[in-house]
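Novice: Spelled out, the chains give:
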Amino acid sequence: MAHKYHILTSPTPARFKPITKAGIIAWEEGCLKCARCVKKDCVYKVYEKRSLDSRQMLDSLDTACMDCFRCVQNCPNRLIQKSINPLYKALGDNYWTPEIIENIWNQAENGRVPVSGGGYHGPFSGPGFDAMWTDMSEIVRPTRDGIHGREYISTTVDLGRKLMSLEFDSGGKLISSPPPLVEIPLPVIFDVLPWSPGGKGINLAFLEAARNTRTFAVIHQADFMTDMDEYVPNIILFADDDVLKLSKEMIRRLKIIELPDSGNVMAIQEHLKKINPALVIFIRFRLSRNASVRAAALAKEGAEVIHLTANENGMGKAEDPLFIKDRIRQIHSHLIEAGLRDEVTLIGSGGVAMAEHVAKLVICGADAVAVDIPLLVAMECRVCRRCTEGISCPVDLENIDYAWGASRIRNLISGWHNQLLEVMGAMGIREIRRMRGEMGRAMFFEELEKEIFSGMGIKGLINGK
Amino acid sequence: MASNKVTFIFPEVKEMPSRFRNALGKYLITINKACTNCGKCIEVCPYAVFKSGMKRPKALSDHLCIGYDCSKNDYYCVNKCPEKAISLRLNPSFEVLGDRRWPAELLASTWNMAASGELPANLNYKTGNSGGGFDKIGILFPEKSKKEEDDIKNESLDGISTAIDLNHSQDSRPEVTIPIPVYLGGMSFGSVSIVTMLSRVRAATNLGTFCCTGEGGFPEELIPYSDHIITQVATGLFGVKEETIKRVRIVEFKYAQGAKPGLGGHLLGDKVTPRVAAMRQAVPGTALFSPFPFHSVYSVEDHKKHVDWIKEVNPKTLVSIKVSTPTDVDMVAVGAYYAGAHIIHLDGSYGGTGAAPEIAKKNIAMPIEYAIPKVHKFLTSEGIRNKITVIASGGIRSAYDMAKAIAMGADGICIGTADLVALECIRCHHCESGRGCARGIATTDEELTNLMNLEWGTQRIINMYISWRRQLMRILKRLNMKSVTELTGRTDLIAHIDHIHNRKLNGILEL
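Protein chains in written order, with the working numbering: chain A, 1 to 465; chain B, 1 to 511.
Accuracy of the hints is not assured; some may be wrong.
[As the list claims (entries may be wrong)] The calculated DSS-like cross-link candidates involving lysine-lysine, where the alpha carbons are at most 30 Å apart (straight line), are: (1) A:Lys21 - B:Lys26; (2) B:Lys477 - A:Lys459; (3) A:Lys459 - B:Lys136; (4) B:Lys51 - B:Lys33; (5) B:Lys477 - A:Lys39; (6) A:Lys40 - B:Lys26; (7) A:Lys49 - A:Lys21.
In case anyone wonders, no lab produced these hints; they're calculated from the structure.
Bound-form chain A, shown alone (with noise of 0.2 Å):
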């Protein structure tokens, strides 16, 4: 049996105070001074531990908090209220919510799954990601003793082209060579930021991270330096730049090679072969209406792996209307009714902010994805994007130690892992690989609504019959 891929984790405390959700307002005007205060009351010992953070001038009044409300209720002259922190509300965008932002933090912290008791408190679907759900079996399950007993549910997959078969000499010797494969233990890769901060400690912690996790990280040709050389056996080079300007001896030192798409880009990709025949080689292309037709091409001249790109809300080039899950959805299928799709790997990229997307992701077809912004989320980005317009980061990202990122990241990672056994665990799957575009077990909203709802309320129609 396989070693268990286990990431180890320690807790990595954020530099600067998070900023929560809940926020008292105490107003000391008209206090009675009553002999048993409330405030002695506090289950959590908010009011006793009080201090304020000096440097980021925050009230642990304001953090603290877990939301009780008994303070509210049993002041005798009323005078704590609730409040929502306005800062809260302003966390990141539509997309890159506040909560979300917040749960990649707390992962990022102690590397744990998280866990709420109280029921599900959200919406009944959404867009994207959340117009979708994953199956779950009541009596299959994957191993004996459970997602984490002995028994060992795989997360690896294998990047790279395949054969479709093997072909033998009449003397019974192997005459296809099966091309190089790069294995990876979870089907999540480092990619590059839309936007960041500079700083070289936000590479190094990807890379750092990547080695740690036994994944890769996609770097610029631009940004590679000397001092990311020992990373080298984890990075996949995008050669955006100018392809011919790598040395020889790198091209033979690294794994993995990514290429923008182009119209030569197989010419590119047989020049790479041949200086460094173990080298696999990503094309990548950013989503749109023809990405069907072209990653079939693609795949038909012998891509390798085919790196499929959406932007950071997981949308294609503008024409195109269709998230990321829909647009691999239809890639998938397109490329198995033209017989390709097991000679292919796909990656899906852009959009990716929690453990469930790389689940949903893989169920649409993508046999991995590609993660950017939760990996500066992990180093306490707040998505405000302040940096894409030259002013320094709140929480000054530019000087980050990266031995203290690549642990943020670690646990963060290892949380997404302990997810996705979890959602494979209830699927009754043990082998991620058999989970790619297995969407029979799962569940779209758009399909559930017509066929449940739309034949309600008609008159003498009972059952939609």
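With chain A fixed as given, assemble chain B onto it according to the hints.
Specialist: Frame of chain A, contents of chain B only:
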């Protein structure tokens, strides 16, 4: 027939105000120093917001205030006050309260029902704000004139039955009828306080229905109520004993639960007190894992063996099968029937009370609004719908959700969260933090447990269900029905607002 058992006498509603000093409402009223204590406000307010005080009246019950809408009334205190000493404003804390599924108004409405059995005057007590499912489904009432509607409002509800039978199998086992189409879902000892557990059990007993023990055993305190207890056999088999199986009228097999479909449970070591350990036949302080799924069931045949085992141990009990809502939930329901179950209990993915990974609560398995019609339709086409009872749970929050779930195809429903809200749960979702529930509901901490007493808890839950029953009867009356059993599967009487375009509807849609 259930209708000949309407002789059941329901308990009375008794006032049970908030156990905290300040009830939480949408509005806040303050009276300033200009007040001369003339008492006008006490006199004019029909909602009894004000109580007399030494220096000036106190707006002790401003959670009952109907707010700015009152300004059109001639009894609007703000205008009536001769000294203009009264001010009305939105309660800032109210905005923070609740979530999409249980918005502040629904929480406050439920507290209102639990306190007095009455509907709130000016809050949405029917739906949440989740933007889908029940919150976008309305009931289609027959077109009537304003006068006819008003007449119905005043007509007596006598003779409308809300009772349902739980044994439709026509086997030799006893008939079990519950006078309301609801029973109370399982919450184990240890996950909630003994006061919470007993409050629910006693309320169920008073209401003539059932309350499930959850996994983990049958505490002795519950024995006097055995006729109203459903004992659970869950995957860990904790606390399952021959004597407990023999004691009850319904045994529930829990295959999965909506709170965490497809996932096992985990009781932390420090929650395994000597008492919990004894009941679960385990060692104190040791973490207990409840695996997923049943390790003795690989097939529908194994499942039948399970059901047969319970039937053998207790020849009089009914058997319920509780499952979650996978893509093939309809097949699962048919399988449950052929294995000999009397009740198929569907637990939708948005419900639950216990701690669960957020990824599971949000993403795994389908919401109950999809599962009920799917199962009802399939059981009907298989010709077995009238031989099994369908109970739905998981995300049912109000009497209107209940009516919609029944119209979708359920015979009855099962409730957990709403009971806790009746006990003033605030849905902070921190059930497990620190010493446990700060409001003394889901905790075993002695001091916190003492925040609530048994009489109060029992009556609050009774009050809420009496109110739900009245709301259901009013709905049935408006639909010209005499019994809730007529409503089951009437998908022609509900409609989803996103699916009504260019359609002639079977009545007036009311959300």
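Novice: Against this structure, judge whether each hint is valid.
Specialist: Outcome of the hint check:
no.	hint	in the structure
1	A:Lys21 - B:Lys26	holds (20 Å)
2	B:Lys477 - A:Lys459	holds (19 Å)
3	A:Lys459 - B:Lys136	holds (19 Å)
4	B:Lys51 - B:Lys33	holds (17 Å)
5	B:Lys477 - A:Lys39	violated (50 Å)
6	A:Lys40 - B:Lys26	holds (26 Å)
7	A:Lys49 - A:Lys21	holds (19 Å)
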